[in-house]
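One letter stands for each residue in the lines below.
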Amino acid sequence: MVRATPTRRVAGRILTGGAVHATRCARTRPALSQDPLRQPLLASTTGRKQVRQALALSLNILKCMGDYPSKRTWREYATAIIQEGITNEDLRDELLCQVVKQVINNQRRSGRGANAPAVLHASRAHPGALSRSRLPDVCTARACSAAGTC
Amino acid sequence: MLRGWYLLNLCVGSITPSEQLFPYLRQFLLRTVALDTTHPFYEVAVDAQAKLERTRLNGVRRYPPIPIEIDSVEVPAARVPAATARATPRSCG
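Chains A and B, in that order, are what the protein sequence lines are. Residue 310 in the working numbering is what sits at position 128 of the first sequence, and the numbering runs on without skipping anything. Residue 704 in the working numbering is what sits at position 14 of the second sequence, and the numbering runs on without skipping anything.
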């Protein structure tokens, strides 16, 4: 029995998992994921420090969107994320790509009053339905303020 | 997802993408804007698209948005000028 050397193990991993992953990525574009990234989205993000910053950024984006448990408010995370983009010029593209990735195909509506846009469009399509509905006050108030009806 | 669109709105209002990424980001926003007017985030996407063009002209901001500015993103941008127009004008001097 021949023990697999580290080189062979790495090669096997690349040929099996790596190849399947590459094929899957070629067919589907990057979309929402509930877990923070394990590697940066852009190949131009190189260097240990930049990669660490990019991965921390993905975790902050998840927390900001409410997809990851956190104690701080989303405004604090948004400020921190944008501050990171302002100060670090090389991370701007990575930041925008990560935010767009989390927006694509995201069906989860988190946060208070997250259904406000849906309520707003429902009220436009069916006038009067909003007053008859028994929706939570938060959603109703936000939809009304957004529509400018009250 | 709602916060994601708000975050995208704030990001494109503060930082600019590189020349390589800019056309793709604009196309993403335009596709969302142009194809579906009943999209739940249609107004946020319109606002983000306008901010993207404006930030490209003005350059990157020096400071991140203040809390009031972040709160104002949750109100559709089309109604913000109307609300400020109704307010009493104040002299700068």
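Check before you lean on any hint, since a few could be wrong.
Stated by the list, open to error - Here are the in silico distance ranges between beta carbons for each label pair:
no.: 1; chain 1: B; residue 1: 713; chain 2: A; residue 2: 253; range: 36 to 42 Å
no.: 2; chain 1: B; residue 1: 764; chain 2: A; residue 2: 220; range: 29 to 35 Å
no.: 3; chain 1: B; residue 1: 727; chain 2: A; residue 2: 231; range: 41 to 47 Å
no.: 4; chain 1: A; residue 1: 258; chain 2: B; residue 2: 749; range: 35 to 41 Å
no.: 5; chain 1: B; residue 1: 749; chain 2: A; residue 2: 229; range: 38 to 44 Å
To be verified - From chain A, some residues computed to sit far from chain B (all C-beta separations above 12 Å):
no.: 6; residue: 217
no.: 7; residue: 218
no.: 8; residue: 219
no.: 9; residue: 220
no.: 10; residue: 221
no.: 11; residue: 228
no.: 12; residue: 230
no.: 13; residue: 234
no.: 14; residue: 235
no.: 15; residue: 237
no.: 16; residue: 238
no.: 17; residue: 251
no.: 18; residue: 253
no.: 19; residue: 265
no.: 20; residue: 274
What the hints assert, rightly or not - Covered stretches of chain B, as calculated for chain A (at least 3 residues, CB under 8 Å):
no.: 21; region: 700-709
no.: 22; region: 740-749
Calculated from the structure, these hints are not laboratory results. As the structure is a prediction and not an experimental result, all values here were calculated from the model. Each residue gets a CB set at the ideal place from its N, CA and C atoms; glycine is no exception.
Inset, instruction - Go through the numbered hints given earlier and state which of them the structure violates, listing their numbers in rising order. - result: Structure breaks hints 4, 5, 19, 20, 22.
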